[in-house]
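There are 2 protein chains.
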Amino acid sequence: MANITKKVSWSSRTDESGAAGEGTPLLNGSEQPKLSRQDSLRGRPKEIPHNEKLLSLKYESLDYDNIENQLFLEEERRMSYMGFRCLEISRWVVCGLIGFLTGLIACMIDIVVEELAGIKYQVVKWNIEKFTEVGGLSISLILWAVLNSVFVMMGAIVVAFFEPIAAGSGIPQIKCYLNGVKIPRVVRLKTLVVKVFGVICSVVGGLAVGKEGPMIHSGAVVAAGVSQGRSTSLKRDFKIFEYFRRDTEKRDFVSAGAAAGVSAAFGAPVGGVLFSLEEGASFWNQMLTWRIFFASMISTFTLNFFLSIYHNNPGDLSNPGLINFGRFETDSVTYNLYEIPLFIAMGAIGGLLGALFNVLNYWLTIFRIRYVHRPCLQVMEAMLVAAVTATVSFTMIYFSNDCQPLGPEHTEEYPLQLFCADGEYNSMATAFFNTPERSVRSLFHNQPGSYNPLTLGLFTLTYFFLACWTYGLAVSAGVFIPSLLIGAAWGRLCGILLASITSTGSIWADPGKYALIGAAAQLGGIVRMTLSLTVIMVEATGNVTYGLPIMLVLMTSKIVGDYFVEGLYDIHIKLQSVPFLHWEAPATSHWLTAREVMSSPVTCLNRIEKVGTIVDVLSNTSTNHNGFPVVVQVAGSDEPAKLCGLILRSQLIVLLKHKVFVELARSRLTQRKLQLKDFRDAYPRFPPIQSIHVSQDERECMMDLTEFMNATPYTVPMETSLPRVFKLFRALGLRHLVVVDDENRVVGLVTRKDLARYHLGKHGLEELQLAQT
Amino acid sequence: MANITKKVSWSSRTDESGAAGEGTPLLNGSEQPKLSRQDSLRGRPKEIPHNEKLLSLKYESLDYDNIENQLFLEEERRMSYMGFRCLEISRWVVCGLIGFLTGLIACMIDIVVEELAGIKYQVVKWNIEKFTEVGGLSISLILWAVLNSVFVMMGAIVVAFFEPIAAGSGIPQIKCYLNGVKIPRVVRLKTLVVKVFGVICSVVGGLAVGKEGPMIHSGAVVAAGVSQGRSTSLKRDFKIFEYFRRDTEKRDFVSAGAAAGVSAAFGAPVGGVLFSLEEGASFWNQMLTWRIFFASMISTFTLNFFLSIYHNNPGDLSNPGLINFGRFETDSVTYNLYEIPLFIAMGAIGGLLGALFNVLNYWLTIFRIRYVHRPCLQVMEAMLVAAVTATVSFTMIYFSNDCQPLGPEHTEEYPLQLFCADGEYNSMATAFFNTPERSVRSLFHNQPGSYNPLTLGLFTLTYFFLACWTYGLAVSAGVFIPSLLIGAAWGRLCGILLASITSTGSIWADPGKYALIGAAAQLGGIVRMTLSLTVIMVEATGNVTYGLPIMLVLMTSKIVGDYFVEGLYDIHIKLQSVPFLHWEAPATSHWLTAREVMSSPVTCLNRIEKVGTIVDVLSNTSTNHNGFPVVVQVAGSDEPAKLCGLILRSQLIVLLKHKVFVELARSRLTQRKLQLKDFRDAYPRFPPIQSIHVSQDERECMMDLTEFMNATPYTVPMETSLPRVFKLFRALGLRHLVVVDDENRVVGLVTRKDLARYHLGKHGLEELQLAQT
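Chains A and B are the protein sequences, given in the same order.
Note that our numbering has the first sequence beginning at 29, numbered continuously upward.
Note that our numbering has the second sequence beginning at 29, numbered continuously upward.
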């Protein structure tokens with residue numbers, strides 16, 4: 029949720045941090061969007077200009093390719109076989125820790141939410157019961173709405189004022205991170221704290237949200253923190269895991285963290301691994317995958333174990349995830365061959381409803397980006413939604429006449445008699461007056477006949493709009509559970525209708541089964557995940573039998589939904605203008621070659637370069653390059669310079685900071701010996717160039733880059749086709765790819781934005797514009 | 029099994045097919061193994077020289093990198109967006125077909141085995157019962173042994189004489205194929221037919237084998253056949269799917285086929301996908317994975333559906349795989365926290381036993397390679413094993429006094445009263461007198477107390493040695509089920525012993541649960557698969573609860589086993605000297621650079637080259653290069669030639685065959701226009717150079733390679749470290765990587781063998797020798 033906040037905040041904050049764009053000259057600078065600003069003139073809140081056909085230059089890439097400079101190679105060569113074994117063992121230890129801590133956080137969230145929500149519902153229920161007798165139910169309504177708003181307000185305040193990146197589920201941000209885009213502050217400790225507090229508030233506040241999505245983000249933050257062996261926020265450095273202080277290793281651990289989060293959220297360790305791979309892995313590595321799986325397993329086990337203690341049943345490992353679909357027995361709810369077309373039809377409905385959800389949310393997000401970008405406005409909107417949710421729920425329960433007899437099988441914690449006769453319970457209330465997780469479970473497992481079709485229809489309708497409105501608020505919360513809930517409701521409705529159409533006696537259309545299929549269809553229609561979602565659903569039901577129908581349903585809903593609009597996460601990523609790389613180059617891009625794609629001319633540095641030149645190049649804010657090819661001129665020849673390496677802005681910054689200069693004038697080498705440790709200590713928050721003072725004398729010194737540059741950067745000739753460049757770039761997780769001519773001279777540089785620019789639109793291949801939004 | 033056969037046959041046949049080694053000059057030619065051949069002088073069977081420290085040059089690589097020459101690019105550029113959509117849809121159709129056919133084959137094997145084994149056991153049982161009364165049981169024994177031997181003989185004859193590559197489970201071969209090594213004849217129709225017939229014979233013949241492993245190979249063959257839209261063996265070309273006639277596409281489909289095979293064998297679609305990824309994927313692609321999953325799902329569904337018809341219960345989809353572990357109910361067999369150390373201990377036992385199994389089988393295989401390489405000897409050995417298996421089984425059953433009362437829950441198809449009193453059944457016979465699949469299920473699910481500890485101990489011991497002897501015979505059969513059976517037996521034994529050590533009344537140590545853990549431990553100890561095996565086991569039990577213990581057990585058994593010896597499949601791959609690329613370069617290889625690794629000097633061709641030169645280069649049997657850098661000389665300059673492309677032997681062969689010559693003498697261009705279709709028609713069985721006649725006149729002609737060469741081959745500078753080269757090579761599935769100097773001149777060529785040569789031995793980094801074995 030609350031990707032507008034991210035929009036506003038991401039762009040405003042990156043300016044401060046001095047983070048700079050990729051090494052791409054702003055070719056299209058003159059074509060920057062000229063959106064009308066007249067709205068702000070009329071006294072309306074200042075509108076943030078926005079254009080979808082842009083690609084922001086604000087986002088840096090991660091360097092998944094190791095910087096193999098002399099320092100690195102020397103270290104690797106010094107290391108013995110035992111040293112590598114120890115590293116491998118510490119990787120496993122880190123993954124175990126990630127899993128353990130993620131599970132612990134999930135457990136804490138679950139317990140706090142259960143306790144607080146329990147108290148809230150008890151208070152409201154007691155109040156309603158009191159006033160049902162004496163009249164004056166409006167007081168109960170107000171009580172409920174105020175309680176909700178207070179919780180939501182607390183959640184929204186921390187998010188909007190302290191850490192806007194913690195808004196929403198965090199899944200789009202983690203997708204971007206795993207794709208190789210550095211999203212500022214996304215894996216910081218502060219973000220985690222705000223996220224956890226925020227998600228508790230928004231779930232307890234009764235919003236139409238879930239606590240599962242945020243677990244994925246939380247896991248990722250845990251991973252980024254643990255693997256670095258230090259916390260910059262807390263200013264503590266434990267001096268461990270220093271080897272892992274680079275993008276390559278960190279990104280691997282973040283994959284494990286995200287998987288552990290999925291695993292804890294849904295009790296789906298395999299699904300977690302597949303999620304990480306689906307979103308992140310450009311390069312599949314067996315050992316890495318196995319470690320990710322380990323983290324996932326530890327995470328679900330930790331959660332399970334502590335929840336079993338909380339439920340006074342230690343050792344009973346039956347709560348593998350935050351959401352528990354309950355047990356689907358194979359006997360009772362097996363499916364028949366002739367039901368498969370029905371499932372596929374439901375998948376199509378899910379795709380349609382999902383597309384509708386996404387389109388509505390898209391418009392809403394555009395509106396929010398334009399008009400609701402001030403933190404206080406965001407908090408007020410969140411409170412409004414909370415109050416409206418409570419009011420709608422109350423009204424629905426009040427006017428519902430779906431009273432069901434309270435059977436012996438009915439073991440709800442709060443028997444919801446609300447407005448019903450004694451010995452009966454209000455069926456609408458099982459859906460509204462409950463945490464969403466419990467409502468989903470009830471829809472899956474309550475006896476046939478527990479719900480009136482009208483109840484389900486009304487519930488679907490209202491909850492659909494509430495959830496759509498809620499996603500994008502400045503609160504920490506996920507969209508998985510609301511989607512499941514909407515789908516389960518209309519799925520169950522389908523089951524009931526099918527059963528009533530055909531022979532009356534038979535219960536072939538078990539409503540619980542159809543609720544499950546509906547839930548899958550709706551979720552698939554909204555988020556459009558494929559393999560991992562199938563596995564997550566299968567693992568959450570704990571029953572492999574449903575594999576094929578769930579897969580068919582998810583496929584159908586994806587195909588139908590993709591016809592209209594992209595998935596919800598992709599929409600929000602696009603609205604942020606993130607340079608996201610898909611799996612393959614657009615199909616019809618073979619006519620493009622590196623020559624057209626690359627940025628040129630490129631700012632190159634000499635192998636031994638004047639400090640003043642380096643400072644000037646780095647300070648040039650109009651280009652903000654991040655990577656510089658290093659060239660060498662053959663002495664005494666007028667031949668053009670040849671490529672001999674590649675150096676990053678961050679490395680140059682460290683070199684300047686440590687004054688690694690050669691004073692040629694005195695003809696002696698005073699170049700300080702830098703070590704890898706100096707670079708690792710500075711990682712990942714390299715200071716901006718403005719903060720480094722270089723005196724006029726120092727500007728005249730030279731700097732020898734030989735030892736620090738990556739001497740063997742990947743190169744391609746100019747004639748290489750775009751798909752080929754794309755594949756190399758994506759498979760190796762590159763950040764800069766040097767384009768050379770047949771004499772090995774630098775002619776251009778390909779970066780992430782140069783590739784992400786091209787995409788398949790409705791009129792064939794389209795090219796996005798680059799801008800410093 | 030029967031990897032010796034492969035050894036002999038792979039090397040002998042590749043000579044005929046003219047398949048040549050990689051473009052690696054035989055640097056170490058002079059160091060070819062000088063193994064003593066004196067054995068043959070003494071009249072013993074001719075010994076095949078064998079040395080593990082060799083890497084065979086016989087194996088070609090697959091070209092996972094697209095050959096982006098002008099023809100290809102022109103075709104891609106001509107293709108519209110709709111064209112690409114149609115291609116995508118046909119990929120899905122092919123995957124669906126692969127799944128369907130694989131499921132159908134699995135179903136056929138299952139039904140035939142069930143029927144034949146049923147008849148066999150009925151005959152033997154009837155015979156034993158007859159002779160138990162009148163005496164003369166030796167006749168029964170002989171009948172049983174002869175029946176078994178006849179079946180096994182048939183299976184062994186087809187394998188040994190017609191298609192030796194069909195021996196064994198085929199998993200090592202498929203691993204190699206997915207790794208990028210072309211194994212001759214591994215995906216041919218004939219192989220499939222022999223495989224299916226062979227596996228039926230060996231399972232019915234009562235060998236200690238399973239029919240699951242061969243399904244993976246069968247699925248791969250189906251995939252390779254269907255995706256090409258033609259059968260060379262049947263000489264039918266359906267003129268469809270011509271676009272898929274290249275290594276890149278074919279390998280993707282073979283991944284899907286292998287996954288479909290796993291899925292049909294174990295009812296584990298997700299496990300199948302993970303198997304393919306674990307073994308094959310160098311580059312993870314979301315759409316590809318999704319298609320693989322689709323094939324897997326269709327495969328298990330097809331099997332399930334047809335088996336339900338066979339079992340007269342259409343629509344009851346409860347047989348997702350060939351092996352059915354039966355239902356593990358969560359209630360009855362949940363585990364407790366304090367059992368986890370026990371599971372880990374069992375994992376260690378599994379690792380030890382697995383290592384023992386592998387070591388014994390390794391010695392046996394060496395023995396077989398040396399002395400049992402003639403087909404008739406192989407058939408005789410297989411028959412001997414069959415007879416011994418029957419004899420041992422008979423003896424065990426005869427001397428067993430483990431008679432159990434026949435309870436009402438006992439629903440075996442053949443109530444095995446053998447040698448027991450009326451109303452009782454012979455417990456040893458449930459293990460021996462049954463197909464292995466049924467025996468596994470009985471061990472998992474029979475009531476506590478069904479087996480006597482002595483019975484289980486004896487069974488484990490005998491079956492261990494029988495299975496070890498059997499793996500490697502010239503029959504089609506897998507090692508999964510025997511491993512599971514051994515493990516289940518000693519696992520159940522552990523469970524019984526644990527229960528008897530502790531309090532008598534409690535059944536906390538449910539023997540079925542321990543049987544499952546033992547089975548996982550033993551299988552893990554032998555094959556050492558990790559993630560995919562965990563998921564396969566979880567899916568086969570249909571219960572997610574066991575995820576963590578199974579994973580811990582598999583991890584332990586892998587770690588313990590790896591301490592002693594590699595996994596069984598890896599041993600057999602190594603014994604074949606296959607240039608197998610692991611996931612990463614050896615850890616301590618940073619001191620090596622492309623300069624040391626590459627082969628040089630390289631045979632280069634000019635862009636416009638004399639036909640005679642090309643023919644001579646291709647005919648040079650001492651080098652047998654497969655890829656040639658194409659260079660261009662600047663006209664009128666004496667500068668060294670620069671790299672401008674790369675061309676393959678197979679392409680040159682097609683060009684020569686079609687006489688694509690330029691007759692310079694007559695100063696007119698007669699170069700025929702070749703199309704991609706000509707290359708696709710020739711794929712994958714390109715004729716040897718010897719079969720192409722080039723006249724003396726034609727030798728004087730020139731050939732223009734510009735249009736056909738890959739104009740943008742990947743290159744690396746000489747200083748690139750081995751890990752970096754390795755990563756590039758592995759991630760992109762390359763076959764040739766050109767090493768250039770800083771002037772873009774060719775200095776060397778890195779191929780698969782140059783990288784596979786380096787491995788971590790006991791004394792650090794070791795280098796294997798290359799040889800034309």
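Worth flagging that the hints you see were computed from the coordinates, not collected in a lab.
Worth double-checking, as some hints may not be accurate.
As the list claims (entries may be wrong) - Restricting the straight-line Cα-Cα distance to at most 27 Å, the calculated cross-link-like pairs of lysine-lysine (DSSO-like) are: (1) K670(A) to K81(A); (2) K670(A) to K755(B); (3) K267(B) to K755(B); (4) K755(A) to K755(B); (5) K687(B) to K755(A).
Just so we're clear, the structure is a prediction, and the values are computed from it rather than from any experiment.
Handout entry: Those earlier numbered hints the structure runs against, lowest number first
Key = Going through the list in order, the structure violates hints 1, 3 and 5 and respects the others.
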